[in-house]
Every structure is written in C-alpha cells, then in structure tokens.
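*Asks:* One line per chain: the protein sequences are A and B, in this order.
Numbers given in my numbering equal positions in the first sequence, counted from 1, plus 2.
Numbers given in my numbering equal positions in the second sequence, counted from 1, plus 2.
Which copy is meant is left open, because identical chains are indistinguishable; a pair holds if it fits in one copy or across any two.
Derived SDA-like pairs: lysine to any residue, alpha-carbon spacing no greater than 20 Å straight-line:
(1) Lys120 to His20
(2) Lys118 to Val18
(3) Lys118 to Arg108
(4) Lys21 to Asn121
(5) Lys71 to Asn19
(6) Lys71 to Ser48
(7) Lys118 to Asn19
(8) Lys120 to Pro22
(9) Lys21 to Ser106
(10) Lys89 to Tyr52
(11) Lys39 to Ile12
(12) Lys71 to Asn82
(13) Lys39 to Tyr9
(14) Lys118 to Phe104
(15) Lys21 to Ile11
(16) Lys95 to Gln30
(17) Lys21 to Glu123
(18) Lys89 to Leu8
(19) Lys118 to His20
(20) Lys71 to His20
Hints were generated in silico from the structure; no laboratory data involved.
Number of protein chains: 2
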Amino acid sequence: MLGDELYVIISRDVNVNHKPTPIIPENQRRMMVAALKPVDFALLGSLTDYFEPISEINPDIVVLGFDQKFQEKELEDALNERGFFPKVIRLSKADSNGEGEFYSSRRIAAEIIERKNKNQEID
Amino acid sequence: MLGDELYVIISRDVNVNHKPTPIIPENQRRMMVAALKPVDFALLGSLTDYFEPISEINPDIVVLGFDQKFQEKELEDALNERGFFPKVIRLSKADSNGEGEFYSSRRIAAEIIERKNKNQEID
Numbered sequence: 003m004l005g006d007e008l009y010v011i012i013s014r015d016v017n018v019n020h021k022p023t024p025i026i027p028e029n030q031r032r033m034m035v036a037a038l039k040p041v042d043f044a045l046l047g048s049l050t051d052y053f054e055p056i057s058e059i060n061p062d063i064v065v066l067g068f069d070q071k072f073q074e075k076e077l078e079d080a081l082n083e084r085g086f087f088p089k090v091i092r093l094s095k096a097d098s099n100g101e102g103e104f105y106s107s108r109r110i111a112a113e114i115i116e117r118k119n120k121n122q123e124i125d
Numbered sequence: 003m004l005g006d007e008l009y010v011i012i013s014r015d016v017n018v019n020h021k022p023t024p025i026i027p028e029n030q031r032r033m034m035v036a037a038l039k040p041v042d043f044a045l046l047g048s049l050t051d052y053f054e055p056i057s058e059i060n061p062d063i064v065v066l067g068f069d070q071k072f073q074e075k076e077l078e079d080a081l082n083e084r085g086f087f088p089k090v091i092r093l094s095k096a097d098s099n100g101e102g103e104f105y106s107s108r109r110i111a112a113e114i115i116e117r118k119n120k121n122q123e124i125d
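Using the sequences and the hints given, assemble the complete structure.
*Replies:* As structure tokens, then:
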C-alpha cells in the first residue's frame, strides 16, 4: 500500500503516439478504471500539459507503470522545478501485470486474429 | 437499486456452448468482475448444476441479462420446486449495455480484425 487515495490519470487518445491508438476511447477507459475498487478518482490527462493533473492533485507519490516512457529522475526534476516534490516510483513488470495469459491487450488481440484465421466465430 | 448485496455468477468456460468460448479464462473474468465497485461477490458457476450457487446464496432477487437464455417463468418454476422463491427479473438491453461503440466484445474483436486487415499495428 503506497498511499491513502489513488488517482489514476488516463492517457488521452490523441497523446498516445508511442504505440497504436487505443481501441477503447478515452472516456470509456476512464469509466472502466473509475469503476475499480482500489481507484478513488480516474481523470483524463491534459491534452497539452502533462503536469496539469499533477498540479491539481498535488500528490505525495507519483507511480509510473513499468513501461511508461518517462524517466523517474527527469520527471522528479521537472516536478521540483514546478514546485512539487512527490516521491516518484516505478512499478516492476511483476507489479503491473497479472499472472494469466490474457492480461495484455496485445495478447488478446493476437488471440482474436488467430481465431479469425482459423475461421472460428468470435464474440 | 434492486438490492443490498450484489453477487455475480461467472459462466464456466466449458458451459459456454451457445456462443464461442470466451477469450478471457473464467478465473480472470471472475477477478475482473470482483474488482468492480458495485460487486460484493463474484463466484464461478457450478460445472454441473446451475442451481448450486443460487442454493448457497439464497437470493431475494435473481437478475438475468437481456440476452441470457433462461426464460424467467421457467427459471422461477424450477427455483420454486427447489424451495427458493426469489423475484426473477430480466434487464433490458439498455440497462445491460453502455452507450459507447465498444461496449461489446464482438465489436472490439471486429475492430481488431479491421485494423489487422489494414495492416495497422495493434497493442
């Protein structure tokens, strides 16, 4: 347990440039995350300024996913410059992923395409 | 609000015969549903007897999804025979589905295949 309240910032569709555009649109992704028991607040990121939601939340801890592109140190420095001094932590891959075969949307998509190639029905 | 506690019975993989086998295995589906705020308990259905979890829970209300294959009246009669007298309700399609384009796994799968056909990357 890293803190008392969990805020999740949801990537905006237009800001996903390092990988393919998500299939599930940003607001649906936000609602899905907001519906999860451990999550107190789920908010869409800013379209223009990564730091905007962090300024609003003023968190004690910022947690990065294992594959997020930011570097902890750079992010910490940039936050410090803006007058914020949260602890920046990166989750390990083991912390981020479930244990099953289908915890990755890439893996689910691969299975759908495999079933399609075998002419299996998909639902 | 139909009741105070929400139990969700998750279909067993081997019992899904009326449509293609789910991609997400039963235990992962159970954990996903259990993680949702409105859900108090998510349990796997019985492999052999549909009525087993209902006997254990002894619910006041049984809610069917809009596309579940049971008929309300038949289910009610079968439950009455076994000494259970819950109200049986069927959700409307509007109650069951979200409003967006991608609230259906069939629709998500179709989009994945469409992207594949266009040689787009999928993640």
